[in-house]
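Student: In case you want the letters, here they are:
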Amino acid sequence: MSISVQHISKSFDKVTALKDISFKVKEGELFGLIGPDGAGKTTLFRVLTTLLFADEGTATVADFDVVEDYKSIRNSVGYMPGKFSLYQDLTVEENLTFFATIFGTTIEENYDLIKEIYVQIEPFKDRRAGDLSGGMKQKLALSCALIHKPKVLFLDEPTTGVDPVSRKEFWEMLKRLQKKGITILVSTPYMDEAALCDRIALIQDGEILEIDTPNDIIKTFPKKLYNISANNMYQLIKNLNAYKHQYSVYPFGEFVHYTDQRNDFKKEELINYLKENNLKNITITETAPTIEDVFMELAK
Amino acid sequence: MLPIIFVLPLLQLVILSNAATFEVKNIKFSYLDNDRTSFSRALIDKFEASEYFNVLAHFNSEKEASAAMLKGNIDVILEIPQYFERDLLKEKKTNLSVTINAIDGAAAGVENVYINQIVQSFNKNATSELAMINGVTAIPKTIDSIPSFWYNETLNYKTYMVPGILVLLVTMITLFLSGMNIVREKEIGTLEQINVTPIKKYQFIIGKLFPFWIIGFGLLTIGLILGKVIFDVPMVGSILLIYFYTGIFLLVILGMGFFISNFTETQQQAMFIAWFFVVIFILMSGLFTPIESMPMWAQQLTELNPIKYFVEVMRMVMLKGSSLSDILPQLLKTLAYAIVMNGLAVWSYRKTS
Numbered sequence: 001m002s003i004s005v006q007h008i009s010k011s012f013d014k015v016t017a018l019k020d021i022s023f024k025v026k027e028g029e030l031f032g033l034i035g036p037d038g039a040g041k042t043t044l045f046r047v048l049t050t051l052l053f054a055d056e057g058t059a060t061v062a063d064f065d066v067v068e069d070y071k072s073i074r075n076s077v078g079y080m081p082g083k084f085s086l087y088q089d090l091t092v093e094e095n096l097t098f099f100a101t102i103f104g105t106t107i108e109e110n111y112d113l114i115k116e117i118y119v120q121i122e123p124f125k126d127r128r129a130g131d132l133s134g135g136m137k138q139k140l141a142l143s144c145a146l147i148h149k150p151k152v153l154f155l156d157e158p159t160t161g162v163d164p165v166s167r168k169e170f171w172e173m174l175k176r177l178q179k180k181g182i183t184i185l186v187s188t189p190y191m192d193e194a195a196l197c198d199r200i201a202l203i204q205d206g207e208i209l210e211i212d213t214p215n216d217i218i219k220t221f222p223k224k225l226y227n228i229s230a231n232n233m234y235q236l237i238k239n240l241n242a243y244k245h246q247y248s249v250y251p252f253g254e255f256v257h258y259t260d261q262r263n264d265f266k267k268e269e270l271i272n273y274l275k276e277n278n279l280k281n282i283t284i285t286e287t288a289p290t291i292e293d294v295f296m297e298l299a300k
Numbered sequence: 001m002l003p004i005i006f007v008l009p010l011l012q013l014v015i016l017s018n019a020a021t022f023e024v025k026n027i028k029f030s031y032l033d034n035d036r037t038s039f040s041r042a043l044i045d046k047f048e049a050s051e052y053f054n055v056l057a058h059f060n061s062e063k064e065a066s067a068a069m070l071k072g073n074i075d076v077i078l079e080i081p082q083y084f085e086r087d088l089l090k091e092k093k094t095n096l097s098v099t100i101n102a103i104d105g106a107a108a109g110v111e112n113v114y115i116n117q118i119v120q121s122f123n124k125n126a127t128s129e130l131a132m133i134n135g136v137t138a139i140p141k142t143i144d145s146i147p148s149f150w151y152n153e154t155l156n157y158k159t160y161m162v163p164g165i166l167v168l169l170v171t172m173i174t175l176f177l178s179g180m181n182i183v184r185e186k187e188i189g190t191l192e193q194i195n196v197t198p199i200k201k202y203q204f205i206i207g208k209l210f211p212f213w214i215i216g217f218g219l220l221t222i223g224l225i226l227g228k229v230i231f232d233v234p235m236v237g238s239i240l241l242i243y244f245y246t247g248i249f250l251l252v253i254l255g256m257g258f259f260i261s262n263f264t265e266t267q268q269q270a271m272f273i274a275w276f277f278v279v280i281f282i283l284m285s286g287l288f289t290p291i292e293s294m295p296m297w298a299q300q301l302t303e304l305n306p307i308k309y310f311v312e313v314m315r316m317v318m319l320k321g322s323s324l325s326d327i328l329p330q331l332l333k334t335l336a337y338a339i340v341m342n343g344l345a346v347w348s349y350r351k352t353s
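Note that the protein sequences, when read in sequence, are chains Y and U.
Numbering (the working numbering) for the first sequence: 1 to 300.
Numbering (the working numbering) for the second sequence: 1 to 353.
Pulled out of the complex, with its shape left as it was, chain Y reads as follows:
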């Protein structure tokens, strides 16, 4: 087991950030923690990276205990906090050299590992880290987290605030790193990124709702899901919420994701109901649920 978390709880004053969390991450796995802001993802990361003591429970990272063997953990993990936390007034190259030196290594020694990422920012190696764009900052932060060839990589919301193209590239990079045998624990509030992980844990209010592969998680969705659209989105949501047989109504892009209480859902009945409410161009089609739908269902 690369990461093993057992019954971890942590409270701050009045807020309970983590409630009895347990899960295991296999070696070389890309494991995603999916949850909204304030779910406790960062707290869990800080416990696992030895920055914070848990109130209860035990955890091991790369077979080291987070409390007793914290020194060994610091040598064998890479951590990329959610907030960009490299030295903004050092240049790209200086930051990388600095972190390499702290870990007692050199850029050359582990260059293969970071090469693919670093070549993209190498043209800007004399630029100060603070002057980089969001995507480039992430690449630099990832390079710095990888420079000592960690066994486990912790990435706390690495793609928050990064443009869609850079996000896609970033996930491709993670996949490549995974192939090199690095265990990756990544957190994200984006449900679409969850599908790219080997396994995911859905987390909300400090509790794990579900742990499984993305496909199996989707299979747990209990109802038939329908895409509904009409000429007036706002009116449509309002009317659907008022509909007596509705089970759940969530806006989803240009559609509304709708589930019905009854098992024998009658499409025409709903169309007529909506027409009575002056909606036009109504379409109702069945659709496959996504992780977001599962999350909304579990969080209900």
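Read the hints as simulated data drawn from the structure, not as lab findings.
It should be emphasised that the depicted structure is a prediction, and the values quoted were computed from it without experimental measurement.
From the three backbone atoms N, C-alpha and C, an ideal C-beta is built for every residue, glycine too.
Any given hint could turn out to be false.
List time: in silico DSBU-like cross-link candidates among lysine-lysine, alpha-carbon distance up to 30 Å [unchecked claim]:
#: 1; chain 1: U; residue 1: Lys200; chain 2: Y; residue 2: Lys115
#: 2; chain 1: U; residue 1: Lys201; chain 2: Y; residue 2: Lys151
#: 3; chain 1: Y; residue 1: Lys149; chain 2: Y; residue 2: Lys180
#: 4; chain 1: U; residue 1: Lys186; chain 2: Y; residue 2: Lys71
#: 5; chain 1: Y; residue 1: Lys149; chain 2: U; residue 2: Lys208
#: 6; chain 1: Y; residue 1: Lys238; chain 2: Y; residue 2: Lys180
#: 7; chain 1: Y; residue 1: Lys151; chain 2: U; residue 2: Lys200
#: 8; chain 1: U; residue 1: Lys200; chain 2: Y; residue 2: Lys149
#: 9; chain 1: U; residue 1: Lys158; chain 2: Y; residue 2: Lys71
#: 10; chain 1: U; residue 1: Lys186; chain 2: Y; residue 2: Lys83
#: 11; chain 1: Y; residue 1: Lys151; chain 2: U; residue 2: Lys186
#: 12; chain 1: Y; residue 1: Lys83; chain 2: U; residue 2: Lys208
Partial list, derived from the structure: chain Y residues whose beta carbon lies under 8 Å from chain U [to be verified]:
#: 13; residue: Thr49
#: 14; residue: Leu51
#: 15; residue: Arg74
#: 16; residue: Gln261
#: 17; residue: Arg262
#: 18; residue: Phe265
#: 19; residue: Lys266
Guided by the hints, dock chain U onto chain Y, whose structure is given.
Tutor: Just chain U now, with coordinates in the frame of chain Y:
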């Protein structure tokens, strides 16, 4: 940032050393002469001749005089009574009334001393004149004390202020910079990244404080050069000894800054706490008010004031040429302080929360 760190304090050194003087000059003097005799005129001439007094006005009534004092036009009223000369000649004694504006108590005290000195010297002349008039051969003997001011013969206040102000600047700059530095890393988040690395506590702390240690020496060097070139402050003792002591003193201040850093979350908080201590340290350092004149409890408190020792050592070494054995008590206390402060700082710095 680096030019600011050096230029501003040195500007302060130049301005403060010239401005922060304890001498009271240009005293706004006025008089009320009810006698109008050669004696009373002689007394007023003495005040006019003094460079400390500006004889601004003479009044005809007490009312006028106190009105002018109320407006703040004058600071001192000397009232010469009627029959001043006659009483002095006949009865050999008379009284003078002196009114001093004491809104600034310290200045009023100094003014009183100056006035007394002038009246005394007038008195002496008058006594000898009286003796001549009366044909008395035996002039009463008086005891004169002639002070000689060691280590600062001319009582040049700059000689005395420059080392003190230099101490303040070195302390302030290094305390603020070191106090804010680690908090800044907390604010930016870089500390979190550093904390997950295997870097050792002592390595991190030395790495953080060493640059400020060097900056402290830089400030001291430039300050000493300015003190010599601009103010011609005597440097009797060993410069090397000053550097040696400063090296230890800076450890105290840097440890303190680091300690503050550990207990604050923002630069604002750190700045506030650093200010709190700096103000107390400065005002209780003996630089502006002598420690001997403080109440007993305050005197005992100053034992905990590192700036006090630094000011003492700087003045002792620069003006008096004290050697290592002379400053040993201060040196040992500072060293103990440094060990305690840095011990606390290292102890309170946690890589884990």
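Student: Y:Lys83 and U:Lys208 were given as a pair; does the straight-line alpha-carbon distance stay at or below 30 Å?
Tutor: Roughly 22 Å between the alpha carbons, so the hint for Y:Lys83 and U:Lys208 holds.
Student: Does U:Lys200 lie within 30 Å of Y:Lys151 when you go C-alpha to C-alpha?
Tutor: holds, 21 Å
Student: Holds or violated: are the alpha carbons of Y:Lys149 and U:Lys208 at most 30 Å from each other?
Tutor: Measuring from Cα to Cα gives roughly 26 Å; hence the hint holds.
Student: Holds or violated: is the Cβ of Y:Arg262 closer than 8 Å to a Cβ in chain U?
Tutor: violated, 51 Å
Student: If you draw a straight line from the CA of Y:Lys151 to the CA of U:Lys186, is it 30 Å or shorter?
Tutor: holds, 27 Å
Student: Classify the hint on Y:Gln261 as holds or violated, based on whether any CB of chain U lies nearer than 8 Å to its CB.
Tutor: violated, 47 Å
Student: Double-check Y:Lys266 for me: the hint is only fine if its C-beta lies closer than 8 Å to a C-beta in chain U.
Tutor: The hint is violated - Y:Lys266 has no Cβ within 8 Å of chain U, the shortest such distance being about 55 Å.
Student: Next pair to validate is Y:Lys238 with Y:Lys180; report whether the Cα-Cα distance is within 30 Å.
Tutor: violated, 50 Å
Student: Does the CB of Y:Phe265 sit less than 8 Å away from some CB of chain U?
Tutor: Violated - the Cβ of Y:Phe265 stays beyond 8 Å from chain U, reaching only about 50 Å at its closest.
Student: Has the given pair, U:Lys186 with Y:Lys71, been kept, meaning a C-alpha gap of at most 30 Å?
Tutor: holds, 21 Å
Student: Within 30 Å, alpha carbon to alpha carbon, are Y:Lys149 and Y:Lys180?
Tutor: Status holds; Cα separation ~10 Å.
Student: Measure nothing beyond the straight line between the CA atoms of U:Lys158 and Y:Lys71; if it is 30 Å or shorter, mark the hint as holding.
Tutor: Violated. U:Lys158 to Y:Lys71 sits at ~55 Å, over the 30 Å cutoff.
Hints 6, 9, 16, 17, 18 and 19, counting from the list given before, are not met by this structure.
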